[in-house]
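Colleague: In case it helps, our numbering puts the sequence shown at residues 1 to 237.
A portion of the hints provided could be inaccurate.
[What the hints assert, rightly or not] Each computed DSSO-like pair below joins lysine-lysine, with the alpha-carbon atoms no more than 27 Å apart:
no. : residue 1 : residue 2
1   : 109       : 74
2   : 185       : 212
3   : 185       : 30
4   : 129       : 229
5   : 10        : 151
6   : 119       : 224
7   : 76        : 132
8   : 129       : 90
9   : 74        : 229
10  : 129       : 74
11  : 76        : 26
12  : 207       : 233
13  : 10        : 30
14  : 119       : 90
15  : 212       : 157
16  : 224       : 18
17  : 185       : 74
18  : 151       : 224
19  : 10        : 74
Treat the hints as calculated values from the structure; they're not laboratory data. Since the model is a prediction, treat every value here as computed from it, not as a measurement.
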Amino acid sequence: MQIIPAIDLKDGYAVRLKQGDMQSAKIYDKNPLNLCAIFEDLGAEYLHIVDLDGAFLGRPKNRAIIERICRDCKLKIEVGGGIRNEDTIKGYLDMGITRVILGSIALQKLDFALAMAEKYPIVIGIDAKDGKVAINGWGDTQSILAQDFAKEFLGSKIEAIICTDIARDGMLEGINISFTQAIAKASGVFTIASGGLSSLEDLQILKDNGIKAVIVGKAFYERKIDLQKAFQKFGNS
């Protein structure tokens, strides 16, 4: 199983939210580089970074700290939040980012997202509130069902889909298994579960249900899960 620790950035700090509410932000480290070193030592291979400010603004806001992380960190990095054009994609990849996550723009301009996937290593973020796609920092819920949107990527060149049930995000109540499975089935694309992981037992449930990748956020920060044990027991690739 691919276990991917996450750093969410707000004003340059590593924070976690509850259900995407920026007012709920809790600061865990004012220097996210500290976390990168910890994740490396624990055995991570990938790092998931979200520019929360960028997601709301529609343009990158935490680029400077992301660049520092990229320069000083040996992990493969995927980054999302406020990425709306090809120049931003190229800028992140030139920086050394491994793959770029397109969220809101993928729904708003599907042809653009598919075209970018033909040229660059692209991951699609599908975030859902009550089963419907939410964009712009999860502030705008659309009419399209997440599962129907996922079907648009059948046969595409995207590398993966990250799917998040917003109701579970930051709540430590377990991953929405059926939602993740539905996205994987609809898209035919390697699918990464996100939102709600709370324990090693949750990882076993994911594995038993055929889910091969997961993002770990608050469970690590709140010390609900021992990442070193997770990597040892479930692997990281």
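Colleague: The structure should be examined with respect to each hint, and the outcome stated for every one.
Modeller: Hint check:
{"no.": "1", "hint": "109 / 74", "verdict": "33 Å, violated"}
{"no.": "2", "hint": "185 / 212", "verdict": "13 Å, holds"}
{"no.": "3", "hint": "185 / 30", "verdict": "39 Å, violated"}
{"no.": "4", "hint": "129 / 229", "verdict": "32 Å, violated"}
{"no.": "5", "hint": "10 / 151", "verdict": "32 Å, violated"}
{"no.": "6", "hint": "119 / 224", "verdict": "39 Å, violated"}
{"no.": "7", "hint": "76 / 132", "verdict": "30 Å, violated"}
{"no.": "8", "hint": "129 / 90", "verdict": "30 Å, violated"}
{"no.": "9", "hint": "74 / 229", "verdict": "21 Å, holds"}
{"no.": "10", "hint": "129 / 74", "verdict": "34 Å, violated"}
{"no.": "11", "hint": "76 / 26", "verdict": "25 Å, holds"}
{"no.": "12", "hint": "207 / 233", "verdict": "11 Å, holds"}
{"no.": "13", "hint": "10 / 30", "verdict": "10 Å, holds"}
{"no.": "14", "hint": "119 / 90", "verdict": "10 Å, holds"}
{"no.": "15", "hint": "212 / 157", "verdict": "19 Å, holds"}
{"no.": "16", "hint": "224 / 18", "verdict": "16 Å, holds"}
{"no.": "17", "hint": "185 / 74", "verdict": "33 Å, violated"}
{"no.": "18", "hint": "151 / 224", "verdict": "34 Å, violated"}
{"no.": "19", "hint": "10 / 74", "verdict": "22 Å, holds"}
Consistency note: the structure conflicts with the earlier hints numbered 1, 3, 4, 5, 6, 7, 8, 10, 17 and 18.
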